[in-house]
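**Q** Note that the protein sequences, when read in sequence, are chains H and P.
With our numbering applied, the first sequence corresponds to residues 165 to 418, in that order.
With our numbering applied, the second sequence corresponds to residues 165 to 418, in that order.
Don't read these hints as lab results, they were simulated from the structure.
Possibly wrong hints are sitting among the right ones.
As the list makes no split between identical chains, a pair holds if one copy fits it or if it spans any two.
[What the hints assert, rightly or not] Taking lysine-lysine and the BS3-like style, the derived pairs with C-alpha atoms no more than 25 Å apart in a straight line are:
no. : residue 1 : residue 2
1   : 364       : 409
2   : 348       : 338
3   : 413       : 374
4   : 334       : 198
5   : 394       : 409
6   : 411       : 338
7   : 185       : 413
8   : 198       : 267
Listed here are the chains, written in short residue letters.
2 protein chains.
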Amino acid sequence: MNSAFNEHISVDCVIFGYDLKSLKVLLLERHLHKPDGKTLIFKDLTLPGNHIRNNEDLETAAQRILFELTGLNDIYLEQFAVFSDPVRLDNPKDQKWLSAIGKDPSNRVITAGFFSLIPLERYYLKQNGNELLPDWYGKNPCWHTLDHIGDMAFDHARILATALDFLREKIMSKPVIFELLPEKFTASQFQNLYEVILGKMLDKRNFRKKLANLEFVVSLNEKQVGVAHKPARYYMFSRDVYERKRKEKFTLIT
Amino acid sequence: MNSAFNEHISVDCVIFGYDLKSLKVLLLERHLHKPDGKTLIFKDLTLPGNHIRNNEDLETAAQRILFELTGLNDIYLEQFAVFSDPVRLDNPKDQKWLSAIGKDPSNRVITAGFFSLIPLERYYLKQNGNELLPDWYGKNPCWHTLDHIGDMAFDHARILATALDFLREKIMSKPVIFELLPEKFTASQFQNLYEVILGKMLDKRNFRKKLANLEFVVSLNEKQVGVAHKPARYYMFSRDVYERKRKEKFTLIT
DNA sequence: CCTAAATAGTGTAATAAATACACAAACCCA
DNA sequence: TGGGTTTGTGTATTTATTACACTATTTAGG
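Produce the entire structure from the sequences given, and follow the hints as far as they go.
**A** Following this line, the structure appears as structure tokens:
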């Protein structure tokens with residue numbers, strides 16, 4: 165048991181964030197240059213990922229990657245699927261790229277997809293404090309909105325799509341949505357986040373009625389200041405209350 | 165790309181069945197004998213599993229195992245988790261066993277857990293038709309109820325427990341429960357299956373009211389015959405109706 | 001043939017949640 | 001002080017949820 169990389173297994177992280185307007189995902193750039201090191205053959209996007217080490221499990225590997233990229237180590241992380249198509253690395257451009265970086269392009273790699281939710285404000289804090297490598301080994305990490313993402317490496321577009329489906333289902337049954345929000349948030353920000361994830365508008369009054377029934381979303385005696393409109397009340401999520409009050413609903417099937 | 169086994173990755177199948185009384189899981193026996201081939205060192209239970217082949221993905225490998233074991237190839241199968249603890253094979257008895265069967269006990273193996281639901285009647289049809297190997301290479305496959313399962317190999321007890329949690333969640337949101345029932349079933353059989361999976365009793369009248377509102381569970385004009393009590397009406401699941409009528413409920417969080 | 005044993009099948013009243021829908025209130029800025 | 005902007009609220013209707021107890025239909029057995 166050592167800490168060398170296991171060449172057969174990798175993890176890829178789909179890291180979501182919310183900037184109070186839209187849902188974002190953190191992606192890296194991949195560049196393939198001609199041997200002269202200058203002429204660009206192609207450029208596309210990848211999910212942050214890496215092979216696992218022989219002494220770590222999948223979750224630990226994903227945590228490692230997240231920490232390297234965001235400086236954060238207490239963020240929401242969950243494995244959501246494994247991608248094991250025997251030909252998942254077999255596109256010509258991916259084969260070229262593997263050869264170029266000195267890997268055996270015929271080596272089979274299976275990857276576990278991890279799903280992570282991060283409060284963007286915490287990322288920006290690290291970034292503004294210069295705690296993050298500005299261009300991360302030339303891979304230039306950037307937050308992308310989900311509607312115009314360019315070409316992606318390997319099967320990463322599929323992994324991303326699967327993660328998004330997973331997110332949509334998850335927010336309906338587990339209180340994970342709060343992992344994307346700042347500690348205190350307004351009802352509108354909360355509603356908007358549901359709307360951007362689900363891709364549909366929700367009725368404001370009915371939404372707030374449901375919100376009022378969520379005992380674990382507690383309303384603070386604090387309002388927005390300095391906004392050019394009626395200031396909104398802040399709410400926060402209480403995990404304590406959630407754990408105590410979660411309802412064991414029996415629903416047959418929905 | 166060839167069909168040799170990949171020594172790094174395996175799949176393990178948690179195969180559930182329902183005999184109209186209780187929930188069962190299909191397990192194999194593992195025996196370790198002294199080199200004399202007679203004295204038994206230990207005997208325990210394993211989930212059916214195997215390494216994947218280099219030319220198949222995880223799902224295909226799981227299907228292969230299921231087919232070998234049940235003769236069925238159109239049954240419900242879903243990956244539910246990956247087990248990647250670096251020390252998952254490191255219990256002394258497992259190490260001994262790996263050595264005894266000629267494997268390198270220090271080789272790391274990651275396994276994907278698959279979750280399968282099979283209508284027991286179909287299994288018994290195959291079995292009674294002598295289409296199944298009676299003792300399956302000495303591993304004596306048997307359906308076990310979940311309350312008294314003995315010692316299990318590797319981390320298989322944990323995999324099984326995780327699968328059971330997964331099942332409990334899944335039946336509340338997707339129509340998978342019908343995969344365990346015969347084609348036609350009575351309301352009581354249906355309710356009992358929920359009860360044994362969830363481990364709690366449900367109110368009969370309320371259950372039937374919900375059942376009546378499930379448009380995709382259609383009531384047949386057919387009753388039990390030959391039972392020593394009032395014969396019950398049969399129902400069946402209509403996947404067609406389900407696909408057309410499934411409700412897109414918005415629930416915030418439950 | 002009558003009875004017992006077993007399970008099926010049904011209704012109501014009270015409470016809680018879901019839906020559709022429109023206008024006044026509070027703040028900043030110019 | 002008026003205009004722009006976003007917050008925050010209520011009602012009526014329909015639909016689901018819960019708690020709860022008795023009659024009906026069949027076979028088996030004396």
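**Q** All hints, please: hold or fail.
**A** Hints, verified against the model:
no. : hint      : in the structure
1   : 364 / 409 : between (29 Å within a copy, 19 Å between copies)
2   : 348 / 338 : within (19 Å within a copy, 34 Å between copies)
3   : 413 / 374 : both (16 Å within a copy, 13 Å between copies)
4   : 334 / 198 : neither (43 Å within a copy, 50 Å between copies)
5   : 394 / 409 : neither (32 Å within a copy, 42 Å between copies)
6   : 411 / 338 : both (11 Å within a copy, 19 Å between copies)
7   : 185 / 413 : between (32 Å within a copy, 24 Å between copies)
8   : 198 / 267 : within (16 Å within a copy, 44 Å between copies)
Checked against the numbered hints given earlier, the structure breaks hints 4, 5 and satisfies all the rest.
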